[in-house]
Amino acid sequence: MRPSMTYRTIQHLIGYAFAVLSLYPVFLMIASSFKTTIAIFTHPLALPEKISFVAYDKLLDQMPFGHYLWNSVLVSGASVALILISSAFAAYYISRTHYKWNSALLFIFLLGMMIPIKLGIVPLFLLMKNLGLSNTLWSLILIYTAIGIPLGIMIMAGFFKTLPKELEEAGRIDGCNDMQILSRIVIPLMRPAIGTVMIINFVTAWNDFFFPLIFIQDEVMKTIQVGMMSLFGEYESDWSTLFAGLTLASLPMVLMFVFASRQFMDGMTAGAVK
Amino acid sequence: MDNQPKRLNQRKWSIHLFPIPALAIYLLFIVYPIIAAFSYSLYDWQGIKRLSFVGVSNFKKLLTVEPFNTMFQNALEHNVIYFVVQMVVQNGFAFLLAYFIYQRIKGSGFLKVAYFLPRLLSVIVVGFLWKLILNPTYGTLNVLLDKLGLDALALTWLGDPNTALLSIILVNCWFGVGLSLLIFLAGLQSIPSEIIEAARLDGVKGFRMIATMILPLIMQPLIMITVLTFIQSFEAFELVYAMQGSMGGPYYSTDTLAVFFYRTAFGGSSDGSASIGIGSALAVVMFALIAVITAFFLALTRKVNRS
Amino acid sequence: MKRLFSSAVILLLMSAVLAACGGNNNKEVSGSSESPSSSSSSSPSSSNASTGEKVKLTMGSWRTDDKAVYEKIIKEFNKQYPNIEIEFAPTKSTEYNAVLSTALQTASGPDIIHLRPYAAGIALGEAGYIEPINDLKGLDVFSKDVLAASTGKDGKTYGVPMALNIVAIMYNKDLFAKYNLAEPKTWDELIQISKTLKENDVTPFAMGTKDSWILSLTQGAIGPSIYGGTEFAQGLVSGQKKFTDPAYVKSLQTMKDLQEFFPDKYTGIGSEDMRTLFVTGQAAMYVMGDFDLSVVKSMNPEMNVDVFPVPSQSAGGSPTVTTYVDGSYAVNTYSKHKEEAKKFLEFTTTKEFGNLFANEMKRVSPIPGVVASDPLVAKYAGFADSISTPYVMVTNFNGGNPTTKVTLENEMQAMYFGKKTPDEVAQAVQSITDTWFKP
Chain A
1 MRPSMTYRTI QHLIGYAFAV LSLYPVFLMI ASSFKTTIAI FTHPLALPEK
51 ISFVAYDKLL DQMPFGHYLW NSVLVSGASV ALILISSAFA AYYISRTHYK
101 WNSALLFIFL LGMMIPIKLG IVPLFLLMKN LGLSNTLWSL ILIYTAIGIP
151 LGIMIMAGFF KTLPKELEEA GRIDGCNDMQ ILSRIVIPLM RPAIGTVMII
201 NFVTAWNDFF FPLIFIQDEV MKTIQVGMMS LFGEYESDWS TLFAGLTLAS
251 LPMVLMFVFA SRQFMDGMTA GAVK
Chain B
1 MDNQPKRLNQ RKWSIHLFPI PALAIYLLFI VYPIIAAFSY SLYDWQGIKR
51 LSFVGVSNFK KLLTVEPFNT MFQNALEHNV IYFVVQMVVQ NGFAFLLAYF
101 IYQRIKGSGF LKVAYFLPRL LSVIVVGFLW KLILNPTYGT LNVLLDKLGL
151 DALALTWLGD PNTALLSIIL VNCWFGVGLS LLIFLAGLQS IPSEIIEAAR
201 LDGVKGFRMI ATMILPLIMQ PLIMITVLTF IQSFEAFELV YAMQGSMGGP
251 YYSTDTLAVF FYRTAFGGSS DGSASIGIGS ALAVVMFALI AVITAFFLAL
301 TRKVNRS
Chain C
1 MKRLFSSAVI LLLMSAVLAA CGGNNNKEVS GSSESPSSSS SSSPSSSNAS
51 TGEKVKLTMG SWRTDDKAVY EKIIKEFNKQ YPNIEIEFAP TKSTEYNAVL
101 STALQTASGP DIIHLRPYAA GIALGEAGYI EPINDLKGLD VFSKDVLAAS
151 TGKDGKTYGV PMALNIVAIM YNKDLFAKYN LAEPKTWDEL IQISKTLKEN
201 DVTPFAMGTK DSWILSLTQG AIGPSIYGGT EFAQGLVSGQ KKFTDPAYVK
251 SLQTMKDLQE FFPDKYTGIG SEDMRTLFVT GQAAMYVMGD FDLSVVKSMN
301 PEMNVDVFPV PSQSAGGSPT VTTYVDGSYA VNTYSKHKEE AKKFLEFTTT
351 KEFGNLFANE MKRVSPIPGV VASDPLVAKY AGFADSISTP YVMVTNFNGG
401 NPTTKVTLEN EMQAMYFGKK TPDEVAQAVQ SITDTWFKP
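Residue numbers (full-length UniProt numbering), protein chains in the order written: chain A, 1 to 274; chain B, 1 to 307; chain C, 1 to 439.
Simulated from the structure, these hints should not be mistaken for lab results.
Computed footprint of chain A on chain B; a stretch qualifies when at least three of its residues, placed anywhere within it, have a C-beta under 8 Å from a C-beta of chain A:
| # | region |
| --- | --- |
| 1 | 24-34 |
| 2 | 91-99 |
| 3 | 110-120 |
| 4 | 135-142 |
| 5 | 173-185 |
| 6 | 225-237 |
| 7 | 281-287 |
Just so it is clear, CB atoms sit at the ideal spot from N, CA and C, and this is done for glycine as well.
Okay, chain A solo, but in the shape it has when bound (with noise of 0.2 Å):
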């Protein structure tokens, strides 16, 4: 029983009119930035007749941009490791192993998804700064790692359930002891559960603005949200060059995207419906 023609030409519709006002700001945004003001007022709609750099140029000759990007990089890269390899030995603890307490122990790591942290904002800054850490990455690297911690177990420690019990026991039998278990047969396993933990984390790290925004104060050390974000108190009647700003500081998440959409997209949901 196939579906009727009229339902197979209304679903493309629907489908494909979607894709259109999905695409269309992105690619909006992108085409403004190469005209220049003047031309967007006046033309909105239109395509660049020729496409300007001026904005482009304008922005990278007054900021460090290199130092935004290799910082946004780095935060996230960063942060990412940490929250994979702190989240994984834990959550191996809590689904491995059959302490009284270890339902305790989720439960707590749990309630950090519905905490709010922005609104602790003062209290994080002034452990920050007694730790020695303001104003430097490393108070951005921690902050994204605890934030991420308590998806990163949620999902490791389902994925850790669905592994089969009797390769930990031959494991066993062969005279691992549990690191080894954990790095030899186990990690290798969950590549699933690294993608989504990896990608999910990566995307929100990469574009927060509120935490570098209180914690960094250095030119150089700002990340990239934060860096083009001052545009906007800047140019504010500029449009081409706030265009540009958006469009740098997307660019490079969209880029890794098209490249590996795949990845992104199974990432972001693989640990959600274990």
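Starting from the structure of chain A, add chains B and C where the hints point.
Same frame as chain A, but now just chains B and C:
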């Protein structure tokens, strides 16, 4: 079960080190700051200077004294609207589109990428981008509507209390539809095809198929999406802030609890009205609200899992 | 690509695990997980502090667009004090308060602080975060009115006044010439001009109500012409007059009536759009402070702009411009280099600094005897000397929670949506004022 103790005995004490790094980072940077922030709610503040211990009077003020109580109620209503509209529009469309892809619509690979792409922009970028698009005079949307002869529909999107909140929520839906879609899709694809085939042979099709066969089988992703949407809509801040500023304007029509918190804790952009005591009380109330309702959803998941 | 992506992570993870996993042969991958971030914390910025007795100060500000000018000013300052290095580190205006108050609560923050004027800045001072500077050399050049912007009830002064903001009506000279219009001397003439412009499809006022601060600013400029300027303002401050007095209500009604001369969809128009309407010649008049002049000029250097004061509604009444002090330079109590920071503050009281500020920034310096080279800025300044009236919402009513000023702004937005009458607006403003204001 009976060989459990033996296995345990084989474990070295060092196994207990496993959860320590995660626990330490988590307690230090999440739990401690939030508890400290909560304690602020029990003190009186003059601007940003802490005065004496006042018990629950900040909570009383927040919930009973004008204008805080009206603002609180107003913002809470907006969060509820936020949640409901997102559930209906964002997740409704997400399900529909996921179902299309599940039915192998042509070019589904491309479509998935297209729907998901906005999710990779930062919320702040999304906010500023749409603020420019929705600009009443120079924005693309109104120019487009004008060109199509629909100038009656070219509204003052963000400048009118009747449309501002809805505009922001719809932008949020634009941003979030891709993720919900992927979760739905993963749920749909995990349904054993024999079940669907068997139902089809019994003559079940169309909406009856969705309602009686498919929905019950994707309860778990549905609850997952509901929880995510709930937490996100009750913490809604960046989009409102980027598009309307810290006042939740015009005339508080887009105020949410988180924006209200930001405004009370830090003051507006140029005035000295910061009130950390009341802001922290608000934070406690928000946390309690989110935690209780999320716990309810999670309990529901467990029930679904068991059955 | 995908393989690379995921296997890199697995490698990273494995290596860390193996490193911890004792007796195995894992020499080549020892502990590489820490390396991507470890180089980050050693910042390059602190390295030059060690050379000689040089100290490095930071200056916090919300003036992101003034970066280049401050760098020039600091260079001038360094001619006298080569050992005091200053980094200008502004934060976007809307986030400045949050960033600054978080920093101050934790006993940190920039050494030199741009302090918000009146209540907001004074509150930081009274909370003990700002160093009082009553005995600062050079502070005595300022008048009491100007110092009021950074002086608490206890008489302690916390900052050196930065600039005088003057609000009047900018207009497009070419458009006025095109339709044979002259600067209005009376309120009726202003209305007549607006009508003529509107008949010719030119928007009379570049005005929008989306950004709430615009509302109190415009009301602060237009209002005095209706309720009678400084005298009424003093009455408000001394408690003899109330916002619910008919004169004030009438000023709100006038603001509402002006909406016929506002652009289409003005409720969605923010401050940047207002400026764009004005510089592109779509709107002819722009109620705005002198601080916006440099941006207007930079957006359209050819534009022929001039300015006139707000004419009085009563026959024979004097026109007015509305003035207030915009911010001040202050010293953070927690600064490790207070003496050096004070040296910079001393510098900001000099005529030399005033001239630099006025000419580079194209704004009005509060330092007596400083004359702006830009004729239009000078014209603004001339008004301020003769026909100025205080911007009471900023100078006296920026207190309370929410503040009286914020209440006025939001209630006026509601008024333009037809949700509140001018009477109701006045009542709301008065009732919030009653909760905190003592005459």
